[in-house]
Structures are given as structure tokens and as C-alpha cells.
Amino acid sequence: VKRLWPALLVVSACDGGSGTPPPVTLLAARTTYGDVVARNLARLDAELAGETVQPEAIAPDLEPHVLGLLETVAHARDALRGIAAEELAGLGGAAVPVLARELTDRGRDLETRRAAAEALADVGTPESLEVLLASLEGARTAVERDNDLYRVCAGAVGRSDAAWLAPRLSLCLKYEIDHLTVVHLSDSLARLGLVSGLAALFVVVRASPDADPREGRLEPQLEPQALERPQAPARSQAEIVLERLRVELGCADWNELARLWNDGVLERLPPPPSGPRYEREVWRTVARLGEWQLRGVDDARFTLLQQRETAAAILGQALSDADVYVRLHSAQCLARMGPRGRVAESALIAALDDPQVGATAAEALGRLGGPAAARALAERLAPERGLELRTACARALGALAPEDLESVLAPWLGDDAPLDLSTAAAEALLRSGRARPGSTVEDAAVRRAAAGLTSGRVEPSTCEAALNAWLATRPEPAELLAQWRALGERPVPERLAARAAWIETWRASAQSR
Amino acid sequence: VSGVRSLAAALLALATLGLLWALWVEPAPEPAPALVFESSRQCAECHAEVFAEWETSWHAQSWTDPEVRAQSNDFQNADCIDCHAPRPILETGLGNRVLPRSTRRVEGVDCIACHQRPDGRMAGTVDNDSVACRPVASRELLDPQYCAGCHDQHGTVQQWRASRFAVPGPDFKNCIDCHMPWRDGDPSRGRSHVMHGGHDPALLRAAVELRGTRTDGGWTIEVENVGAGHNYPTDERSRASDLFWRPLGSTGPWRHLFRFRNPYRFQVGLSNTELPSGAVHESSITDPESAAGVEVALFYKLTPHWTDPERPDPERETTAVHRLELRP
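Protein chains in written order, with our numbering: chain U, 209 to 721; chain E, 54 to 381.
These are computed hints drawn from the structure, not numbers from a lab. Incorrect hints may appear among the rest.
[Claimed, not checked] Computed far set for chain E versus chain U, every beta-carbon distance over 10 Å:
1) A97
2) D118
3) V220
4) M233
5) R236
6) R244
7) D253
8) G270
9) E335
10) D340
11) E378
[Said to hold, decoys possible] Example chain U residues on the side facing chain E (calculated, C-beta under 10 Å, incomplete):
12) S482
13) D507
14) A543
15) G546
16) E596
17) L597
18) R603
19) D628
20) G664
21) R665
[Said to hold, decoys possible] Computed list of chain U residues with no C-beta within reach of chain E, every gap over 10 Å:
22) E279
23) L299
24) P547
25) R655
No experiment lies behind these values; they were computed from the predicted model shown. Each residue gets a CB set at the ideal place from its N, CA and C atoms; glycine is no exception.
Please model the entire structure based on the sequences and the hints provided.
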């Protein structure tokens with residue numbers, strides 16, 4: 209009875225006005241998402257089904273013929289070799305199964321295996337290129353790399369102009385440690401419209417000859433034809449590739465070349481990879497963003513952020529997929545792609561209202577957005593939005609630095625604003641240089657960032673970076689700035705406390721001025 | 054008529070009893086107002102002991118620890134943010150990978166990350182509507198899947214599932230049995246929120262045994278994972294455990310014998326040498342200088358790198374787990 213009594217009372221007093229208050233809903237209502245990735249993969253599979261050649265049984269009389277030609281290519285004199293290679297290529301897809309077997313047979317002599325790799329590149333069908341690519345992708349361990357076959361495969365596959373190779377070659381580049389193979393891969397990617405190997409080429413160019421023990425050891429006749437100076441070591445070949453790109457893209461120097469790529473000056477870059485087979489590879493990579501283990505996700509993310517407009521548009525579509533991890537990591541890819549991904553701006557703006565991905569979408573817009581993005585971000589600073597999103601929007605606005613930033617962020621600098629938001633707003637204003645010198649808004653931003661150095665409640669390093677950026681734009685006396693820099697030599701947390709005190713002194717002095 | 058009277062009397066008696074009951078019974082507690090938790094510091098008000106424990110834990114330092122800052126390049130490597138400043142586990146669901154958050158990152162893996170439910174209430178050990186956090190008794194807090202969202206990224210929970218500790222029976226132990234033991238061994242005092250692990254020398258010592266025996270012309274050194282319900286070491290690729298030896302009585306440099314570690318992806322050619330739960334690893338010392346006896350030591354490192362890789366100094370850069378002196 210004792211247990212029932214309160215219930216009876218509730219029933220009897222049933223006026224609908226009592227009881228537990230409604231639960232706090234942390235997540236806003238979900239938008240509708242769908243199986244975007246699966247649907248597109250199915251569509252492209254159907255579209256490409258007609259083009260896929262099913263492996264056929266090798267005609268009994270063909271196998272000895274292929275083997276004979278391969279033997280000639282591998283061991284005969286130059287003139288005969290050329291004729292045999294041409295004839296092998298002429299056999300087309302029919303020769304692929306035999307060539308694939310010869311390439312991967314570790315019992316075969318290296319010359320034959322190398323000849324098989326070259327012949328597969330000459331055949332140039334998706335199936336033959338797939339064999340080369342798989343061989344390159346699989347060569348990760350020391351055992352698989354006890355010879356230079358992976359390097360030959362890299363050079364051979366790079367002779368193809370098949371756009372669909374681009375995503376997988378990008379991933380190969382991520383793990384490649386052999387400098388000559390790095391050059392082959394970067395060169396191949398550039399020919400496919402992706403100048404994404406620049407950073408890797410710079411590493412090779414800067415490396416001392418001692419840093420790459422394999423340099424110069426390659427036999428001259430095995431060098432891929434794509435490189436103009438076959439006998440040059442990796443560093444020289446990297447220089448050749450960089451120089452060729454510089455001339456082709458009309459750049460004054462290699463730094464300008466890097467800027468074209470990093471800043472997404474798309475109109476000056478070669479046409480991007482495209483086509484249904486390429487799109488399918490991109491969608492397959494997007495599907496990997498949904499994997500549980502971050503190792504696979506990280507590979508997919510790396511691959512995708514090396515791509516261009518076509519992939520960015522696909523990533524924009526993936527922001528509507530039902531899998532939250534696909535959406536989240538797609539937004540991350542676009543953020544890291546930066547201006548090359550600006551075709552996805554409107555999709556990212558829509559994703560701001562995704563309760564789980566909105567903050568990441570805001571970050572991406574901060575890297576690639578235009579005026580529309582700035583407006584959308586400013587709208588989402590409103591108090592009815594979640595704090596995660598508002599904070600991310602304030603940071604992103606700092607990166608975009610629209611002209612009206614001061615008035616947009618000023619309302620959120622006060623002590624009554626949530627700490628994370630007010631700190632993000634302060635950092636955004638100081639980093640962007642949009643706070644008018646001497647204004648109360650500037651002072652509020654400085655005070656807030658300085659408080660963040662020692663509060664222990666917000667990230668001090670970003671506050672410090674914002675103050676550094678702001679001071680760099682101030683017309684302060686050199687000796688004053690030297691004091692600030694000198695404090696930076698001290699260890700944390702002493703440094704942060706000293707810099708917070710320095711800012712307070714500066715503010716007092718500024719106010720008296 | 055008498056029946057009607059009796060019924061009326063009974064009803065009157067019941068009504069009187071009901072009135073007395075209503076006056077006597079303790080009123081149901083007023084439901085607490087729904088409180089939105091914006092910081093784990095709010096929890097300290099009522100849960101001071103737990104909060105103080107958590108503040109000393111590595112979970113609390115997952116964002117601020119200088120080692121993490123260095124290895125993540127001050128979190129410029131954004132992939133680290135997911136687990137070092139996660140959104141609530143129950144928001145993404147048990148066993149699902151956690152999502153990164155944009156706010157209060159300095160609080161690291163905090164109260165909210167583990168306890169906040171999507172409905173705003175807190176996962177706890179009791180149901181109670183009358184307090185600010187309105188806890189809901191949640192058995193899932195005991196489930197290793199709770200830890201999996203972060204700690205299974207490198208397979209730790211899967212390793213546990215394959216161990217004898219996951220088999221129901223006398224040996225059964227899950228994550229919290231070792232990493233969140235009862236305070237002072239007393240269940241009525243609740244579980245410790247220090248959540249110790251690889252930073253705790255006692256836990257490391259309990260995880261493995263080090264043995265050595267004389268063999269033809271040398272020594273066989275065995276390391277056995279006797280106490281960890283997962284690989285030794287586990288979880289992070291930055292963790293390593295190194296076996297060293299030197300001639301008995303020598304104060305000279307240690308000589309490297311074996312490394313237990315799961316390498317980074319880019320370390321092409323290295324394989325995973327972590328020691329699974331219950332497994333034994335054998336190493337041999339055949340150096341002539343070992344003939345008169347050896348000192349063997351197992352060290353645990355929080356980062357895989359040595360200040361001077363040519364001359365590693367385990368005494369200075371690691372935690373000693375076990376030492377052994379072997380004489381012929």
C-alpha cells in the first residue's frame with residue numbers, strides 16, 4: 209500500500225502539472241540521413257558492370273606464347289626485346305592472367321618478373337593495372353622488399369593515365385619510404401592532376417645523399433620511362449619532376465607551386481581526375497571512413513584530402529549519409545583539404561545543423577568558406593544553439609575573418625557568456641586582427657584571452673597563440689615586445705602566469721594612455 | 054440494511070485509515086530541477102572524494118599532460134582529440150567510437166564523458182530523481198564495452214575477450230576490477246576513480262613475471278604475462294617495454310635484449326611484439342661476458358623513443374618493472 213499510495217495520489221491528482229520535469233535534450237532533432245555511400249557505390253557498380261572484363265581461362269596455346277614473349281623481353285637483346293614487348297602489349301587483356309602469375313611468383317627470376325610488370329603496364333587495362341597496384345600496395349615488409357620489384361611496379365603503373373588510380377596511389381605515397389618510389393608516385397599523381405606529392409618531393413630534394421642508401425643503385429635500364437634522366441638518383445629525379453611541374457604550371461619557383469596546391473588555385477592546376485571509375489574509387493574510400501578502427505579511417509582520410517573538386521563534391525554528398533562517422537570524417541577531410549574543397553561549401557553549411565557533426569562542419573567552413581559560410585556561422589552563434597556548435601562557429605569565424613567580425617563576436621565576450629564561447633570569440637578577434645585597436649571590444653578580447661592563460665579551464669596554448677598574433681600587429685615599442693618574447697622562454701606554467709601579468713600591466717598602461 | 058451499514062462502516066473506516074496514512078506517510082521527494090552540466094567541476098560539489106580522485110588520474114590529464122601534448126604536436130594531430138576530449142560515451146553508444154568535443158577540452162576524459170546520458174541525466178549506481186544530476190542506475194558502467202570506445206582502438210578489449218579473465222568463473226575479471234578497484238577493498242565505499250594503469254609500478258609488477266635459467270653456454274630469460282587481462286604492454290603504440298641485461302656486478306651500460314611493442318603504422322617492417330595475456334616470451338643471452346652471471350631487468354616506457362637511441366639509458370628514461378640477478 210505504501211508503494212501504491214503515491215501512485216494513487218498522482219492518479220487522483222491527475223492534472224498533468226506535476227511529475228518529473230521533462231528531460232534535457234542534448235541533441236537537437238535529427239535531419240533525415242540516408243545510405244548515400246551504399247547507393248552511389250551500387251549505382252557506379254551497375255554503370256561500370258559492362259566495362260569489367262571477367263577473368264577468362266587462358267587459352268592453352270596462349271600461355272606458352274606469352275611466356276615465350278616474356279622470356280624474350282626479360283633476357284633478349286634490345287631490338288628483339290622491343291618487338292616482343294610490343295607483341296605482348298598487343299595481346300591485351302588475354303595475357304593478363306599469365307603476366308600476373310609471373311609477376312607474383314617469387315620462384316621466378318627477377319628479370320622475368322620485372323618484364324611482367326612492364327608488360328602489364330603496356331597492356332594498360334584496368335585489370336592489368338590492378339595487378340600492378342596490388343603488388344605495390346602489398347609490398348610493405350622487408351621480405352616483400354628484398355628486391356626492387358615494388359619500385360618497378362610504381363614506375364610502370366605511373367605510365368598510365370587512368371584517373372581511378374589516383375586515390376590508391378595517394379595512399380601508397382603515405383607509407384612510402386623509398387625515395388625513388390616516392391618520386392615515381394608523386395610524378396604519377398601530378399600527371400593525373402594531383403600535385404599532392406609536392407611535400408614528399410621536397411623531402412627527397414632536401415635529403416642528403418646519405419639519407420637514402422638505395423640512391424643511385426638502380427640499374428639504368430630499369431628506370432621508368434616517365435623520368436627524363438634515367439640514370440639520375442632520386443634527389444635529381446625529384447628536382448626534375450618539380451622543375452617540370454613549375455614550368456608546366458607557370459610558376460616562378462617551387463614555393464609558388466606549393467601555394468597553387470595548398471591554396472587551391474584550381475584554375476591554374478591541370479584538370480582534376482574524374483570519371484565513373486575514379487568516382488567509384490573515391491566512394492569506396494569514403495565508405496572506409498565508417499570503419500571502427502581509426503587506422504583505416506586515417507588511411508581513407510589521408511587519401512581523400514589529397515584529392516580535388518570531384519572528390520570534394522562526393523564528400524559533400526557524404527555529409528548526408530546515415531553513418532555518423534562517415535559524416536564526421538567527411539567534414540574532417542574537407543577541413544583538411546582546405547580551399548580545394550570549396551565546392552562542398554553549401555553542403556557544409558547544411559551540415560552545421562547536424563547535432564553530431566556541426567562543430568566539425570564549422571571548422572571545415574573556417575578553412576574553405578566564403579561570405580555565405582561566414583553568414584551561416586554568425587547565425588549559429590545564437591544562444592538557442594548548442595555550446596559545442598557556437599564555440600566551433602566562433603573559432604571558424606576567426607579563421608574567415610569577415611569584415612564585420614567585431615560586431616558579430618562582441619556580444620559573446622562578456623563574463624555572462626559561456627567560458628568556452630567567450631574565449632573562442634576573443635581568440636578569433638585577436639588572431640584575425642579584426643578588433644579595432646583601442647576599442648573596448650579589443651580590450652575585452654585581450655582580457656579574456658589573458659585570463660585563459662592561467663584559468664585552467666580553457667586551453668592556454670590557443671589563448672597564448674592569439675595574444676602572440678595580436679601583439680605582432682600592434683605598434684608597440686620594440687623593447688616592450690622584446691619583454692613579451694623573453695617571457696616566452698620560461699617554462700610552463702611560469703611562462704603563462706608571467707604573460708598574464710604582463711598583459712594586465714599592458715592593459716592598465718593602455719587605459720591610462 | 055445491516056449489510057449497507059456494514060459496507061458504509063467499512064468504507065468510513067477505510068477513508069479514515071487512508072486519511073491517517075496520508076497524514077503519516079512521508080511525502081514523495083520533490084523532483085530536482087533539470088540541471089545542464091557544462092563542466093565536471095559542478096560534480097565536485099556533491100562528489101568531492103570521487104572528483105579529487107579523478108583530478109589525480111591520467112583521465113583528467115588526458116588533454117594537459119605534457120607528454121601527450123608533445124606527441125600530438127599540441128593536438129595539431131586532431132585525430133587524438135576524439136579520445137583525449139570525448140563527447141559523452143552514452144551519446145555515441147556503448148562500444149561505438151567516441152566523438153571529439155569542441156568545449157572544455159582541458160577537462161579531458163571527465164565525469165561528463167563517462168556519466169552523462171543523452172537525456173541529460175547521469176549514469177550511476179542508483180535511481181534518484183531528487184538530486185541535481187538525477188542519476189539512473191546503469192549496469193552498463195560495469196561493461197568493458199564502456200571502455201572500448203577509446204581503449205579498443207588498439208585492441209585492448211578484444212585482447213581481454215581472448216584472455217582467461219573474460220571466461221565466467223573464478224578467474225573472471227573485467228576492466229574495472231583491476232583499474233577501478235573498491236576503495237580500500239570495501240564495496241560499501243564505492244570504486245576508486247584514480248583509474249590507474251601503466252603509470253602505476255605496482256600494477257606493472259603484477260602484470261608480468263621475469264625468470265631466468267642457465268642453458269648451454271648462456272641464459273634463457275622468460276617474461277610471462279601472468280596478471281594483465283590484455284597484452285603487455287597494450288593500448289597505445291607509444292608504450293614499450295624493454296628487456297635489458299648486463300654482466301653481473303657491472304655498472305656499465307645496459308644491453309638491449311628484446312622490445313615488447315606494437316609499432317606505429319609508418320614503421321614499415323616492424324611487427325607487433327606485445328605479449329598476450331598468459332603468454333611467455335623467451336630470449337637468449339649467449340654473450341661470453343654473461344658466463345659469470347647476469348643482471349636482467351624489464352623496463353616500461355611511456356614513449357617508444359630514447360633520448361640517445363645508440364646508448365639507451367633505461368634507468369633514467371623508464372620505470373623498472375622487475376630486476377633479476379642470475380648466477381651460474
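Hints, verified against the model:
no., hint, verdict
1, A97, "13 Å, holds"
2, D118, "12 Å, holds"
3, V220, "24 Å, holds"
4, M233, "24 Å, holds"
5, R236, "26 Å, holds"
6, R244, "26 Å, holds"
7, D253, "25 Å, holds"
8, G270, "30 Å, holds"
9, E335, "23 Å, holds"
10, D340, "25 Å, holds"
11, E378, "36 Å, holds"
12, S482, "29 Å, violated"
13, D507, "8 Å, holds"
14, A543, "8 Å, holds"
15, G546, "14 Å, violated"
16, E596, "5 Å, holds"
17, L597, "8 Å, holds"
18, R603, "8 Å, holds"
19, D628, "4 Å, holds"
20, G664, "7 Å, holds"
21, R665, "6 Å, holds"
22, E279, "33 Å, holds"
23, L299, "35 Å, holds"
24, P547, "18 Å, holds"
25, R655, "19 Å, holds"
Violated hints, in rising order: 12, 15; the structure is consistent with all others.
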